[in-house]
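Asks: Read off the chains here:
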Amino acid sequence: MVYMRQVGARVKRKEDPRLITGSSNYVDDFNPRGVGHLGILRSVYAHAKINGIDTSAAKAHPGVIAVFTGADVPELDRPMPHGEGETAGGQKGMVGIVTAPLATDRVRHVGQAIAAVVAEDRYIARDALDLIVVDYEPLDAVIDIEEAVKDGAPQLYDEVPNNTAYTWTRKRGEVDAAFAEAEVTVTQRMNNQRLAAISLETRGVLAQPDPLSGGLTVYTSTQNPHSVRAEIARTLGLSEIEIRVVAPEVGGGFGAKISSYPEEMIVAALARKLNRPVKWIETRSEHLLATHHGRGQINEISLAAKRDGTITGLRMRCLADLGAYPRDASVPPLTGMLMSGVYGYQNVDIEIRGVYTNTMATGAYRGAGRPEAAYYVERIMDVLAAELGIDPVEVRRKNFIPPDAFPYKTPTGPTYDSGDYNKPLDKALAAADYQGQRAEQRQLRAQGRYRGIGVVTFTEICGFGPFDSASVRVEPSGKVTVATGISPHGQGQETTFAQMVADELGVSMDDVIVVHGDTARTPAGKGTMGSRGLVVGGSALFKTLGQIKEKATKIAAHLLEASPEDIEFREGKFGVKGAPDRTKTLVDIAAAAYSGSLPDEIGTGLEATDFFAPPGTTFPFGADVVTVEVNPETGEVALLRYVAIDDCGRVISPLLVDGQVHGGLTQGIAQALFEEVVYDEQGQLVTGTLMDYAVPKPEYVPMFENDRTETPSPHNPLGAKGIGELATIGSTPAVVNAVVDALAPFGIRHLDMPLRPQRIWQAIQDAQAKAPAAAD
Amino acid sequence: MATHPITLTVNGSQRQGQVEPRRLLVHYLRDELGLTGTHIGCETSQCGACTVILNGQAVKSCTVFAVQADGGQVMTIEGLAQDGQLHPIQEGFWEEHGLQCGFCTPGMILSTYDLLLKNPDPSEQEIRHALHGNLCRCTGYQHIVKSVQYAANKMKGAPAVAD
Ligand code: FES
Ligand code: FES
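One line per chain: the protein sequences are R and S, in this order. The opening residue of the first sequence carries number -6 in the working numbering; numbering runs sequentially from there. The opening residue of the second sequence carries number 88 in the working numbering; numbering runs sequentially from there.
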């Protein structure tokens, strides 16, 4: 047989056979005997006092097992601890506020949980919810962040004036001087609208008493089972070993399933109280109401620059909407930290205020703070280019951090690991035939057609620790069981990790199984988020495989009667150097490992667990070129071409990287063109179903032209940088830049997202009213 | 609430049940028959995760009452592979990385089944159009289009299969 390396090869996924036949299990697919179906009564007011809750009619309804309010369950009437996010914990210096899983006296957003019904059947649970009567006393609500910070605005928390939870600042260099001396300055107000994650599987929780521990087994659709375990244990006053959390198949997360949620606490507490299995499955409307949103910022950003395009200073004043009960308020500061982009300016003055409003909390959503930063930076670069009359590509090149400057300490905070920003840009411009496209654009403009080209260059921060883990057990047959502390839910690490094992130990990918998402079967881990799965989890596996190989080498040496120094791993076998036919396979070695007859200095068995605590974060980067055409009669945008060149360091699974890029691009494009969570002035959610919230359909996106450059990260043994979020981060500003470029003949320099036809059409009308001759 | 008797042929075998008139077909399939490969992503007819083949047509089973399907023939994702042999559409999704989290996949596959029955040689635009009632949040659709193309090619090349 020809020996083939799996790492870097196009391989089919190990996950797929069970998923394409419908034979695997998501949370709602489990129906243990005696399961009670839980429904949640949610606030219909954005802000109100609760004077009473009458559950008597619901309790009397046939088929209802029990009805609970916070007053009935002390564990659910205590504040939940702060969540664990991509960078962990609540924001430092933050005033306010965590919530109890069930509200008893006050509600602060529509959708907040007030009471829970457990019934024999999910239909009955919903019937019974209608029978609960809540005596509300409505209070003034504040929805808009710019209103919320004004004096005299309705206040969510008595102890938090101007609803300002925290102010995050970063000031470096001589910003005032830079602006005073600037040859040119530009300023733009930008809105980064609220989005919803819309994992296709909503959240869901099933808790059942566990006779083994005397506690609970909890199945939950989460990205982070170990942290959910810790929080349920704390809420119930149990220890971690009494709670087992399983993330079975999880139908997407995108950041919204990182934090634990009130519903996980409610289901767990009630399963214990009723001593029977209890299940809650979120409806899509509940997902829009009560799964945290992403983005939600308003920013005013200014650049100071020289006429040649060199940027000398950046200033920004940003309001970040936290909603009422943020579980992880660390996202907006990530925006501030990434405001250097891929550029070398040194004078920065950044202020971000985290603001409470009477809305659902915001939190991580694909990119979590970095897409906002890339949007502001890449948009204001184009505003500057337009002001100076310089090609947007040239303004960017002029300001790139040079390739010999790494590791590069940014004025905004992070230290970039490695980068070479011209590489993907050159490749993208060549692939898109940028010059040719500009020439074509000029011709079309002369014919009254509005072609636009958007260019972006961007980076982000990935690979957060504090650690992740892997256990590898070589079974007596020579087959391999891997258990990982990350918790993939679509990313495909069963495949990627099996590729690594195949190459490192010389087994077939079919002889490897990768276990994840179960606190009883995996070592301590930090879940899948922030593009850390391969970077941190894969590196932990690589380290563990190193330990296995070391012992396997000793066993091979023993079997081959050679010294370990004379053993090498070649083409999948452990062999004596210089003796091609003296080799042992992992099957031979495993048999010996479990024979019980190895000398004591080697010892029985072949398994290991190791952890990887990354010495620093990673910074993947890329460049996109997008082509659009705007129909001035209707305001519609046609997305004609999308060229994306990403650098995520070393690649294990090229096919899976392509998948991450396509999906990421589509989500970023969706923010630019389609999606927005909308509340009305009373705080009622207008976008409460998928009828109103515009997730892209297959016809809304083109075939993407994507490729890679490869700049390894020095911060992990794989050289990987992470690819889960990168494409999303670039694509939002890329598309907006292209649309605004198309509208340049109208004198338009910026438009707020989402760029739906009505907004574009209106902007054209307004521009023509101001300067009737301009467009003709 | 009163219940009604229904009889359905599901994946080739006859099933009888007693259901409330309001019970959705998707809940009957999932909760009563244990066919949990059919998923629920919205309950309001937008996402297509609940797609099954009813009397030869792709339908969203969250929008059909179980009593409406009485006497009908239903095929769910569990019924597509024959004798352990993947259907070419399933093969296509595996081969071309047409899924990530897999939650949309059963519905995508069955909508594709419906498309290829009606149009064995669809263009890229026809594929995208035919799947417009099926949302996928993970893939950006590119590999799904390729999966469908793979299946169409394979099915054209293969001898005609009895339905
Ligand atoms: S669940 Fe039926 S269309 Fe979404
Ligand atoms: S693969 Fe996740 S929704 Fe399609």
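Since the hints were derived computationally from the structure, they do not count as laboratory data. Misleading hints may appear alongside valid ones.
Covered stretches of chain S (in silico footprint by chain R; criterion: 3 or more residues with CB under 8 Å from a CB of chain R, positions within the stretch not fixed) [unchecked claim]:
| # | region |
| --- | --- |
| 1 | 99 to 107 |
| 2 | 115 to 128 |
| 3 | 140 to 152 |
| 4 | 158 to 171 |
| 5 | 174 to 181 |
| 6 | 203 to 211 |
| 7 | 227 to 238 |
Far from chain R, by Cβ distances over 10 Å, these chain S residues were calculated [unchecked claim]:
| # | residue |
| --- | --- |
| 8 | Ala89 |
| 9 | His91 |
| 10 | Thr94 |
| 11 | Arg224 |
| 12 | Lys241 |
| 13 | Met242 |
| 14 | Gly244 |
Below, computed lysine-lysine pairings styled on DSSO-like, alpha-carbon distance capped at 27 Å [unchecked claim]:
| # | chain 1 | residue 1 | chain 2 | residue 2 |
| --- | --- | --- | --- | --- |
| 15 | S | Lys241 | R | Lys690 |
| 16 | S | Lys241 | R | Lys5 |
| 17 | R | Lys420 | S | Lys205 |
| 18 | R | Lys5 | R | Lys690 |
| 19 | S | Lys233 | R | Lys7 |
| 20 | S | Lys233 | R | Lys5 |
| 21 | S | Lys241 | R | Lys42 |
| 22 | S | Lys205 | R | Lys690 |
A virtual CB, placed ideally from N, CA and C, is assigned to each residue, including glycine.
Asks: Look at each hint and say if it fits the structure.
Replies: Status of the hints after comparison with the structure:
{"no.": "1", "hint": "99 to 107", "in the structure": "violated (count 1)"}
{"no.": "2", "hint": "115 to 128", "in the structure": "holds (count 10)"}
{"no.": "3", "hint": "140 to 152", "in the structure": "violated (count 0)"}
{"no.": "4", "hint": "158 to 171", "in the structure": "holds (count 5)"}
{"no.": "5", "hint": "174 to 181", "in the structure": "holds (count 3)"}
{"no.": "6", "hint": "203 to 211", "in the structure": "violated (count 1)"}
{"no.": "7", "hint": "227 to 238", "in the structure": "holds (count 6)"}
{"no.": "8", "hint": "Ala89", "in the structure": "holds (14 Å)"}
{"no.": "9", "hint": "His91", "in the structure": "holds (15 Å)"}
{"no.": "10", "hint": "Thr94", "in the structure": "holds (22 Å)"}
{"no.": "11", "hint": "Arg224", "in the structure": "violated (5 Å)"}
{"no.": "12", "hint": "Lys241", "in the structure": "holds (14 Å)"}
{"no.": "13", "hint": "Met242", "in the structure": "holds (16 Å)"}
{"no.": "14", "hint": "Gly244", "in the structure": "holds (20 Å)"}
{"no.": "15", "hint": "Lys241/S to Lys690/R", "in the structure": "holds (26 Å)"}
{"no.": "16", "hint": "Lys241/S to Lys5/R", "in the structure": "holds (18 Å)"}
{"no.": "17", "hint": "Lys420/R to Lys205/S", "in the structure": "violated (42 Å)"}
{"no.": "18", "hint": "Lys5/R to Lys690/R", "in the structure": "holds (25 Å)"}
{"no.": "19", "hint": "Lys233/S to Lys7/R", "in the structure": "holds (19 Å)"}
{"no.": "20", "hint": "Lys233/S to Lys5/R", "in the structure": "holds (14 Å)"}
{"no.": "21", "hint": "Lys241/S to Lys42/R", "in the structure": "violated (63 Å)"}
{"no.": "22", "hint": "Lys205/S to Lys690/R", "in the structure": "holds (21 Å)"}
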